[in-house]
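Participant: Chain by chain, the residues:
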Amino acid sequence: MTELSRDALLHAYRRMKTIREFEERLNLEIQKGGIPGFTHLYAGQEAVAVGVCAHLDAGDYIASTHRGHGHCIAKGCDVTGMMKEIYGRHDGLCKGKGGSMHIADVDQGMLGANAIVGGGPPLAVGAAIATRLQGEGRVTASFTGDGGSNQGTVFEAMNLAVVLKLPTVFVFEDNGYSEHTGAGYAVGSDDIASRAAGFGMPAEKADGCDFFAVYEAAGRAIRRAREGGGPSAVEFSTTRFFGHFVGDPQNYRAKDEVAHHRETRDCLKNFREQVIAGNRLAGDDLDAIDEEVLQLIDQSVAEAQASAPPDVGDVITDVYSHY
Amino acid sequence: MTELSRDALLHAYRRMKTIREFEERLNLEIQKGGIPGFTHLYAGQEAVAVGVCAHLDAGDYIASTHRGHGHCIAKGCDVTGMMKEIYGRHDGLCKGKGGSMHIADVDQGMLGANAIVGGGPPLAVGAAIATRLQGEGRVTASFTGDGGSNQGTVFEAMNLAVVLKLPTVFVFEDNGYSEHTGAGYAVGSDDIASRAAGFGMPAEKADGCDFFAVYEAAGRAIRRAREGGGPSAVEFSTTRFFGHFVGDPQNYRAKDEVAHHRETRDCLKNFREQVIAGNRLAGDDLDAIDEEVLQLIDQSVAEAQASAPPDVGDVITDVYSHY
Amino acid sequence: MSIKSYREALNEALFEEMRRDPSVIVLGEDVSGGAGGTSGTRDAAGGIFGVTKGLIGEFGDERVIDTPISESAIIGAGAGAAAAGLRPVAELMFADFVGVCLDQIYNQAAKFRYMFGGKMQCPLVIRTAMGAGMNMGAQHSQTIYPMLTAVPGLKIVVPSNAADAKGLLKTAIRDDDPVVFFEHKALYNKKGEVPDGDHAIPFGEADMPREGDDCTVVAIGRMVPFSEKAIDSLADQGISCDLVDPRTVSPLDTDLIFESLEHTGRLVVVDESPPRCSLASDIAGIVASEAFGSLRGPIRLVTAPHAPVPFARELERAYVPGPDRIAQAILEAVKG
Amino acid sequence: MSIKSYREALNEALFEEMRRDPSVIVLGEDVSGGAGGTSGTRDAAGGIFGVTKGLIGEFGDERVIDTPISESAIIGAGAGAAAAGLRPVAELMFADFVGVCLDQIYNQAAKFRYMFGGKMQCPLVIRTAMGAGMNMGAQHSQTIYPMLTAVPGLKIVVPSNAADAKGLLKTAIRDDDPVVFFEHKALYNKKGEVPDGDHAIPFGEADMPREGDDCTVVAIGRMVPFSEKAIDSLADQGISCDLVDPRTVSPLDTDLIFESLEHTGRLVVVDESPPRCSLASDIAGIVASEAFGSLRGPIRLVTAPHAPVPFARELERAYVPGPDRIAQAILEAVKG
Ligand SMILES: Cc1ncc(C[n+]2csc(CCOP(=O)(O)OP(=O)(O)O)c2C)c(N)n1
Ligand SMILES: Cc1ncc(C[n+]2csc(CCOP(=O)(O)OP(=O)(O)O)c2C)c(N)n1
Ligand SMILES: [Mg+2]
Ligand SMILES: [Mg+2]
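Here the protein sequences come in this chain order: G, R, V and A. Numbered per our numbering, the first sequence spans residues 1 to 323. Numbered per our numbering, the second sequence spans residues 1 to 323. Numbered per our numbering, the third sequence spans residues 1 to 336. Numbered per our numbering, the fourth sequence spans residues 1 to 336.
Chain G with its partners taken away, still in its complex shape (with noise of 0.2 Å):
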């Protein structure tokens, strides 16, 4: 963590901690009803997204998945902006076209969510061919689950950003299952890194639960593709605190199991000990911030919930530049 400056520590907390209380809150919010469609929450996995965009900038790329709010807001998404989009605002990141499942922003670099199950990689492996292009050293990046790791698609861009040696990198996030499925059962082999190594590019493990751990990983994968080393992939174990979208009864795992993880794999909770332990931050940097977020989100929420509709006129715009 010594590479981290006192700053970047807090900008990593802040975003970690309003990707959980995003979530947290979106979980309560369509119990009570009010939000469209059906929304997949990234709570548990924060140190991923975080660890992971904390070497990027709005020049580079992410294609992210159908569990996208966590690298939307972990790479710079407006918080109000998307929650107004999960709420089908007019005014949303979207214009409220999209939800919860197609956000998107590319000015930040953010290519979009995905509802289709490997949809994104090829996706960042095309942007990495504009980025090497234009030539500034920026860099792509693709999420996808242990799940989506089995899609024929995330394959292909695997084997095609290894020929154009591209200046991309694969994160794969293992969160144990993919729907009702566990990741032990759909992915064959020992594990889904030595499936990428396969297609001759390094890849790594760490825990995903653990944001220095991820920092590190993903800053060697980064860093490599930055200095025209090619593509890498990087896997992390992790784990979601919901389930597999809000209203899934999770009859697939274990009753204590997400109490478990919430006490022992909790991303956040570990943060805050190894910062205070290194003396790196204190206790009240972080409760501040904790505050600050909570704020937030409830403005964010009530802007939402105040905010009007899209006009039905808007059905038909927006499909081409010009038809």
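Careful: at least some of the hints might be erroneous.
[Stated by the list, open to error] Straight-line alpha carbon distances no greater than 27 Å define the calculated DSSO-like cross-link-like pairs of lysine-lysine that follow:
id : chain 1 : residue 1 : chain 2 : residue 2
1  : V       : K119      : G       : K255
2  : R       : K205      : R       : K32
3  : G       : K32       : V       : K190
4  : G       : K165      : R       : K205
5  : R       : K255      : A       : K53
6  : R       : K32       : A       : K190
7  : A       : K170      : A       : K190
8  : R       : K165      : G       : K205
9  : G       : K255      : G       : K32
10 : A       : K170      : G       : K165
11 : R       : K165      : V       : K53
[To be verified] Pair by pair, the computed Cβ-Cβ distance ranges are:
id : chain 1 : residue 1 : chain 2 : residue 2 : range
12 : R       : V312      : A       : R19       : 13 to 23 Å
13 : G       : Q274      : A       : E58       : 49 to 59 Å
14 : G       : D256      : V       : P209      : 21 to 31 Å
Simulated from the structure, these hints should not be mistaken for laboratory data. All residues carry an ideal CB built from backbone N, CA and C; glycine is no exception.
Following the hints, complete the assembly by docking chains R, V and A with the ligands onto the known chain G.
Facilitator: Same frame as chain G, but now just chains R, V and A with the ligands:
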């Protein structure tokens, strides 16, 4: 080679020689005109198809590729029926509706050549679900080229086979090229076998120009599948004696490459030398087969040329069982 | 007869067919669920819409197969198993996912019989959930069936109610050709009278849930109940309509449509899909070429707009054709 | 003006656009060829139909990118590069291969702008070879464009001659939306007058290569030259027709079709695709709903049969609509 009876050796040689002459003759006939479409010749790769299929009988299934003549003959398809199909005749194996890239004979366990690269492996995996359920120790195999090994469908098929522990074998034929592109460029990993091994199944490599090496390696994999040991991959390095299709100028190949391969990597020559050196067969045995094969091919071409085209009314038959 | 939901009717058809024929298997993502989970419970899902619930308990994991997220392998394996003698029912969780497995559907399964000269058959059923109405957004709400209706070799089924869901799924499983079976996710909870026991509805025979004199309405899937609402709402204006539910759009029962048109002379076609190359324009085109003489006025097409499916409630509601728009179109057809 | 083949016209458009705009790149299988080969020659292929020949020599392998056989990655990379500021021209070797990459075309590229509230654009061009006529069999001869015309967010181009091939490809590359560009493989060698230098044809403006009084013929792609033959063959019977070549089927220039129909009152639509949910039935359906009043008789649809494309010469010839069938349909329309 000890394991193989004299009859088995004669049978293997006959099949390899039949493929060779079938393709050499097609190469001439196509240049003369009279054969529709475009045709991919298997000459040079005979040891792979025959060495694999020597372990299979009609109850076992194979899925083939666009370069399927060799797989068809090795699996027992009728040579004259094939020739008629390639000429587009009414009495071809597929009534002239399929052609060179779509020859199938389900009674022989031949699930079809396939003009979609990567189309076959998922089919072979599915056939293995069937053979296992039907429970007679039957197995399936798919053939895929070095180029096809980069197709997402093939990766998905491998993972699914591992997850379900299916009795199937993934045969990879590295003939050095995917159309006009070298395998060393398009396959990002060190080789195809190591990438397959990463999926969590046994994978080995052998010389695809040595019938006995193919026979041994394929035998291990197929035996494993029959005995419930699950899927395997085998990669064979081989070479094609002709262009990607008849008419390919082959600018991507060094001037002397094919001549050199015909000289040094001819699986038929190798076989002849090995069986004679090992005192397993006499040159006369093989010469006699050469004679018979040439007659068979002459005969099949003559019959094909003499046969009538399909009735144009058949353009709309065989779309459905009933509609 | 008993009252069942569309979901229950489908589930019953699967149980009955799997009991009847040991060559019937089910495969797909979470068709059972719980494999590799920490609770040890299988059947944790029974399909994310619950249609395959309970099957694994009776038929075991060799006939009820959970798969990774690998649609090309799922559909391809189904096609290969079908060619090798089974009658697989492969679940494509959402019809929108046809994008990651289309080849195995349309170049493989659909073409085997023809390409191979009639010598190979592929009795594969692909069950898939389609349609808008649940705010699932652009990639989880499409109808898709027009794309596959265009494919020779496929049979396309779009049940609009519980009884048809059961009767058509049984027929699909017994059919020797590949069938794509489109279940509208907004209909899963819809209840209706469902015949008990063996009830198989032949393909290519349309149903006529409403009969009348002034207009012929052809509607597909969820548009059928919406059209019933629309038609009933016009009764007090003295307007009555034939309502044709094709049930299978390939094969399509044009006879009943033409017959009805001879009587009414007016046609409204209702399709939840965007307009271009839709079932709406397809049926209109067929009528304009084969039954032109019966037409006494322009054909009215009621479809979604030429746009992806939006997320927000208000936008999706405006997107999906509803009873009001259908009634409006009928009025125009009758008056116009 | 100079005489060029359809292939040469496309190649010229690529050279001109890549020179004009450094953000234009080309990617696909063997678009150069020879990578990893033993001869050391690049540009060994220049695309298997030669359309991208010579590009790598001038623009290098960072802008002319050979790929593995991984269509989902090719199209997806094109879409991602487009979202990141390039103007990629991705080659899908045969249109039939849409089956292994449809998702990236129709759920990704086509929907970005809409799903993301108009804030992302995807100026991707997908060039692909379609159509029958070369005995390539069921999986290498399909037209495919009807499937993609159904997709909101895509623009669909189907040039029928060399001049249009050049002018429409330049427009496609400059367009800010995803465009699927269908090249008929039986037209690559067809020569015609091609304007030199900058020649861009706007989308949505149909062409009228024949003008007449008795019938309106709308034909697509290779069916345009076939329809010209058919129409010319009827001249001596005193029959003359308007021939409408939409050039882009999405957007579709319905104005010109309707205008012509007002004059002729008779419509024949010619499409190489099988009939169901084809462009033929789509255009017929649009006319029957929006221009019914102009119709003086049934619309004639000339299409391939509802069957895969067969291999044998005699069968394929019977499968593809030809000048005779088109002339026959015109006669029926005019007399009928
Ligand atoms: C192509 C495709 N197949 C299936 C689905 C349905 N689906 C949505 S999320 C999901 C599970 C994804 O698991 P994983 O990749 O591990 O991500 P996680 O949900 O755990 O974050 C599935 C099967 C989909 N959206 N797209
Ligand atoms: C999905 C798909 N992509 C591309 C092609 C065009 N194509 C036909 S054969 C071929 C090369 C295949 O190379 P390989 O797998 O090594 O087999 P080989 O030709 O060497 O036997 C290509 C690109 C195709 N038929 N299908
Ligand atoms: Mg997961
Ligand atoms: Mg090869």
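Participant: For every hint, state whether the structure bears it out.
Facilitator: Right, here's what the structure says about each hint:
Taken as a hint, the K119 (chain V) and K255 (chain G) pair is broken in the structure, with Cα atoms around 53 Å apart against an allowance of 27 Å. Note on K205 (chain R) and K32 (chain R): the hinted pairing is violated, with a Cα-Cα distance of about 39 Å set against a maximum of 27 Å. At roughly 24 Å between alpha-carbon atoms, K32 (chain G) and K190 (chain V) fall within 27 Å of each other, so this suggested pair holds. This hinted pair checks out: K165 (chain G) and K205 (chain R) have alpha carbons roughly 26 Å apart, not beyond 27 Å.
For a cut-off of 27 Å, the pair hint linking K255 (chain R) to K53 (chain A) stands: about 21 Å separates their Cα positions. The hinted pair formed by K32 (chain R) and K190 (chain A) meets the criterion: a straight-line CA distance of about 24 Å does not exceed 27 Å. Simply put, K170 (chain A) and K190 (chain A) have alpha-carbon atoms about 19 Å apart, close enough for the 27 Å limit, and the pair holds. Pair hint K165 (chain R) plus K205 (chain G) holds up; C-alpha atoms about 26 Å apart against a cutoff of 27 Å.
For the hint linking K255 (chain G) to K32 (chain G), the alpha-carbon distance of about 24 Å falls within 27 Å, and the restraint holds. At roughly 30 Å between alpha-carbon atoms, K170 (chain A) and K165 (chain G) are farther apart than 27 Å, so this suggested pair is violated. For the given pair, K165 (chain R) sits about 24 Å from K53 (chain V) by alpha-carbon distance, which is consistent with the 27 Å threshold. Separated by about 49 Å at the C-beta atoms, V312 (chain R) and R19 (chain A) break the suggested range of 13 to 23 Å.
In this structure the hint that Q274 (chain G) and E58 (chain A) lie 49 to 59 Å apart at CB holds, the actual value being about 55 Å. With their beta carbons about 51 Å apart, D256 (chain G) and P209 (chain V) fall outside the hinted range of 21 to 31 Å.
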